[in-house]
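Participant: Each chain, written out:
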Amino acid sequence: MTIAIVDYGAGNLTSVKKALDFLGQPSMITADPDQVVRSDKLIVPGVGHFAATQALCSSGLKYSVETAIGGGTPFLGICLGMQWMFTSSSEAPGVAGLGVFPGECVHFPAEVKSPHVGWNALQIRGDSRLLCGLPAECFVYFTHSYRVPVVAPTVATCEYGGTFSAVVEKDNLFGVQFHPEKSGAVGIKLLENFCRLSC
Amino acid sequence: MLTKRIIACLDVDGGRVVKGIQFVNLRDAGDPAELAAAHSKAGADEIVLLDISATAEKRKTLLETVRRTARELFIPFTVGGGIRTLDEAASVFEAGADKISINSAALTDPGLITCIADRFGSQAVIVAIDARRRNGTGHYEAFARGGRTPTGRDAVVWAREAESRGAGEILLTSMDRDGTGSGFECTLTRAISDGVRIPVIASGGAGSAQHFVEVFREGHADAALAASILHYGTTPLAELKRDLAAAGISVRWPC
Numbered sequence: 000m001t002i003a004i005v006d007y008g009a010g011n012l013t014s015v016k017k018a019l020d021f022l023g024q025p026s027m028i029t030a031d032p033d034q035v036v037r038s039d040k041l042i043v044p045g046v047g048h049f050a051a052t053q054a055l056c057s058s059g060l061k062y063s064v065e066t067a068i069g070g071g072t073p074f075l076g077i078c079l080g081m082q083w084m085f086t087s088s089s090e091a092p093g094v095a096g097l098g099v100f101p102g103e104c105v106h107f108p109a110e111v112k113s114p115h116v117g118w119n120a121l122q123i124r125g126d127s128r129l130l131c132g133l134p135a136e137c138f139v140y141f142t143h144s145y146r147v148p149v150v151a152p153t154v155a156t157c158e159y160g161g162t163f164s165a166v167v168e169k170d171n172l173f174g175v176q177f178h179p180e181k182s183g184a185v186g187i188k189l190l191e192n193f194c195r196l197s198c
Numbered sequence: 000m001l002t003k004r005i006i007a008c009l010d011v012d013g014g015r016v017v018k019g020i021q022f023v024n025l026r027d028a029g030d031p032a033e034l035a036a037a038h039s040k041a042g043a044d045e046i047v048l049l050d051i052s053a054t055a056e057k058r059k060t061l062l063e064t065v066r067r068t069a070r071e072l073f074i075p076f077t078v079g080g081g082i083r084t085l086d087e088a089a090s091v092f093e094a095g096a097d098k099i100s101i102n103s104a105a106l107t108d109p110g111l112i113t114c115i116a117d118r119f120g121s122q123a124v125i126v127a128i129d130a131r132r133r134n135g136t137g138h139y140e141a142f143a144r145g146g147r148t149p150t151g152r153d154a155v156v157w158a159r160e161a162e163s164r165g166a167g168e169i170l171l172t173s174m175d176r177d178g179t180g181s182g183f184e185c186t187l188t189r190a191i192s193d194g195v196r197i198p199v200i201a202s203g204g205a206g207s208a209q210h211f212v213e214v215f216r217e218g219h220a221d222a223a224l225a226a227s228i229l230h231y232g233t234t235p236l237a238e239l240k241r242d243l244a245a246a247g248i249s250v251r252w253p254c
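From first to last, the protein sequence lines are chains H and F.
Numbering follows numbering that gives the first Met the number 0, with no gaps: position 16 of the first sequence is 15.
Numbering follows numbering that gives the first Met the number 0, with no gaps: position 136 of the second sequence is 135.
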């Protein structure tokens, strides 16, 4: 079983790969649409500007991702990769997300410092295969200036200038706003859950 | 609630940590990879590796040190010291750093901040400021070259400029307090922290858990760097975090 880490030029690919290596999980970093379609699982990481996700469209990777997830391939979006799962972002008006979840990513309100950087508590609010086995009170590492709203598939939230979605999960689709590859033992456990699950 | 971060700092010279740490069960107390892993296990929220190598010859080992340290480190990892160009920053990221810290190079060429932020994102760029109080005033001056060269720039003004140019965080060191163990410079930290809208990491002067409580409460710091307090084993990380939690400071504990 091989996990494809989708390379669209937006950071943190090797840190995700290192975490999978640590778990003994075979993975490859790829920008090849054919490999993405054929892979057993997909991870779309990413840090930075929402406009960077345009590269997924122009390269044909978005179509490959849509084909793969339509066929049931488990998909994990991390940080910008999670935001991309939504309809759009006010960070880059006019740039369409993958749109598997409804809603727009918006900037944190002016009364809190931005980016939201550091370890914040997860409030787990529903059954989740991704969060299975995590302690009821756990902290994960965030670094982002835009956030996604709380929607029906939200299984964990976080508080910072209001409540936002930290984890979304529906069928074969998973998204985390924080960086599991940088969240110590908790994050490694979450990635292990993703590696092990069969959808 | 967003927790206050305790960041462990490793000073590295020629690939070796120069200040020892009294951890048990370490094969090699001067190895950055082993020490970073030990700090992570003990509850550090992040690791900063600062290359203080004085010679180009010794600096050559940096990338290999970063690579080895990052391999099995699953908390945020910052590398600083001597990064002068976008290419040098790119090599450090490629070797496994999540963030880089720049100081003198940013003072010489503030455009470098924007340049690195545009390519790697603001979250990856920390601007380090070494500041000292101007005699007889309430103002602080930013210094370059490891605190050797006064720049004539007001530290608060410089922090604001760094933010506007794309810095994601400020690492603020009080030169007056550094190494004294007499407590953080809360007035300076508060002036910077209240003056910008990005997180500020306080550094210099930590001698006790109470000093951390003060810099979070009175200094409005978002994070604090712990160097010698950990290095000399006077306050183990776990104990420090327990003390902070007991004082009502929100920290990641248990981890």
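Just so you know, the hints here were simulated from the structure itself, not pulled from any lab data.
Any given hint could be a false lead.
Stated by the list, open to error - Going by beta-carbon spacing under 10 Å, a handful of chain F positions derived as facing chain H:
| hint | residue |
| --- | --- |
| 1 | M0 |
| 2 | D30 |
| 3 | A32 |
| 4 | R70 |
| 5 | C114 |
| 6 | A123 |
| 7 | A222 |
The model shown is predicted, which means the values in this text are computed figures rather than measured ones.
Note that the Cβ used here is the ideal one computed from N, Cα and C, for glycine as well.
Participant: If any of the earlier hints don't hold here, list their numbers in rising order.
Facilitator: 2, 3, 5
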